[in-house]
Amino acid sequence: MKNQIQESTQGEQMRELRPREEMLESQVDSELNSDEEPTHSVPKHPDEETTQDTASPSEQESTPESATNIAHRQATLDKLKELAQAAKNAEALGYIIKSFYELNTDRLERVQDTRASLLKKAKELQGSAQEARDIYILTKYTQTLGENPPSVPSIAFSHKELLKNASGELEISPSHSDTHGSNLTYELLLTNLAATKTQNLEAGSYALTATNASSDTSASIKARAISPTGAVSEWSKPISVKVKASVFAGFIENIDTNKSCRINTGTAEDNLWLDKVQDRLNEKSNDDPVTKFFDRADMPHSHIKRYALKNDGTLESIPQDADLSHQAMQKYKDSALWQCVSKIPEHHIIDIEFAYNSQEYLLKLCSLSPFSFDLNAYGYQGYTNLSGRGADKNGVISSVKVEGFYLGSWESVSLGGMQGSFFLSSNPKPTTEIDRPSFRTQTQQFNKDMKIQNHHEREALAFLYSIERGYLGSTADSKSTEQSKWAIYSWNTSANNTSYLYEAISFATGDKTMSIPVSGSDKRAKMFIYRGICNPAGNVWEFVDGIYLNNKLVYLATHEQAYSDETSSNGYTNTGHIVNITSGSQVKRTHAGTMIPKATEGGTSTNGTTDGSWIADGLRLCLIGGSLYNSAHAGLFAWDGAGLGVRGWHFGSRPCFKKTT
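Under full-length UniProt numbering, the first residue of the sequence shown is numbered 1, with each subsequent residue one higher.
Since the hints were derived computationally from the structure, they do not count as laboratory data.
None of these values were measured; they are calculated from a predicted model.
All residues carry an ideal CB built from backbone N, CA and C; glycine is no exception.
Treat each hint with caution, since some may be false.
What the hints assert, rightly or not - With a straight-line Cα cutoff of 16 Å, these simulated EDC-like cross-link-like pairs (lysine to aspartate or glutamate) come out:
id, residue 1, residue 2
1, 81, 109
2, 79, 134
3, 259, 269
4, 305, 346
5, 123, 91
Claimed, not checked - Taking CB as the label site, the calculated pair distances span:
id, residue 1, residue 2, range
6, 574, 425, 43 to 53 Å
7, 132, 232, 21 to 31 Å
8, 272, 330, 44 to 54 Å
Generate the whole structure from the sequences, applying the supplied hints.
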């Protein structure tokens, strides 16, 4: 037996009797421990039973087999009551009690009536008992029949929905009126959820992990309390949890309060509304639960990896944490045949805005697979004014696809014949002025499928960045310290004369997110690396192709073949998006479903995207990021509308490669 018999008070008193009684008890226990059915055996006490998970009621509800199972168990229970009433001796009643203990009485009728019949018969036989053995059996194995069972425990679960393989937290607590108090233990009944153990639990918190579901399904949780003598409560009312097969995550942001809450990461931040100056779990380390979630193989972020791209279109994996001294990197170092690119995988997103209870919200979610999100189930019934990327069907939003591509792991700057994202061992200091057409031409000379980044590609990077960051934006002044791995060039920095510090151009190791000071005197100025992509914000104003502005109205190229500096309406589409900003101010919000700045009103260094923009009237090209040259409000959402012929040594771009078949 798994556990030794816990003796009753009467049993302990019997050990004080003479050897005859001690021998009797030893004989009974010996028979009970035997693997063979003895001539005179005693039923197991409930404390002694081997712990086994019983089938969940939800698994018994909808099949003919389930109904047959319930009917069979009900017939067994009724037969036990009948046999108990006819029992002639303690041994016979003992077998009946044993069967009663082992029977799964969940969803059966007349359970308490049967229990009362067993107790009544036990008292009757105890009154007429002639042998100590009979007293021992009746006392030891019927005491819980007359005990008031514990109250149903209280349980609460942290999530209404869980992604497959994700975890949530279950809280178990006794009823306040329960007289057993801290002496209780608890048992769980789980479907499509796993726990380290489900029996002999104390009150407290426990992690439950969703099954590896191949399709969306449901899970349930029930608990019951068990007293020290084995009396059990009824099962608690089940908690239902949806298990999503498509792993998606992101955040929801209240535009009015400037606070956001993560969704589906399985961390405490799924239940916390934080403003943009509050530390997140992934603020300083890459060894934290949020980063580990996005490192999952079924999240797009884990696929942002560096590759070596040859000018013939060949892609080779490279050691993600190797520097240029590594043996595997020697073939690429300072070679005009190879560039370093980071893979942005094909993924699916929901990127919408909506109104609810007179407040406006952003919802940004992503996954490697198509998925949907139910606004109603999440508590936003009655929403209005929904717009953005995602198909809405009565509150169930379906995702849209974003194509994959390879983006230069660091910026291109004016390096003459080495224009691009090369594996450079030196720290170049560009001085040649260059314009967008020159960047376009030099980039395309490397490979026919390479061009400079367009708005959609830059937007995809900013979107994935924001998902992992936990809010829409990037700088947030309070984060621009050496303590944050996300710190980039700050609004407040005084490092105006660090234009020569182009650390991001030289090869930086690692595919993690990190921040490196570029000035010994002012550590607020940073080189920022996001999952191996150097300086997506700061250091260099990056040209973006296929876009221009006319009096702050955004036009996008209809086809990549139309990329040029020709600003006629041919080949370009009027998006209707007006960049209504005051130059030099920080952007409060973006247009729904995009990363295009919408307005600066209300934007500050801690409110909104926290990134600055400079857009004047007239025809303008678009540059994104920031520059140490002029103390820009750097960030992924920092826009600069430059004149059509603008050129400068502190400008750059980023190559983009899409392999064609």
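- request: May I ask which of the numbered hints given earlier this structure violates, with the numbers listed in increasing order?
  value: Going through the list in order, the structure violates hint 2 alone and respects the others.
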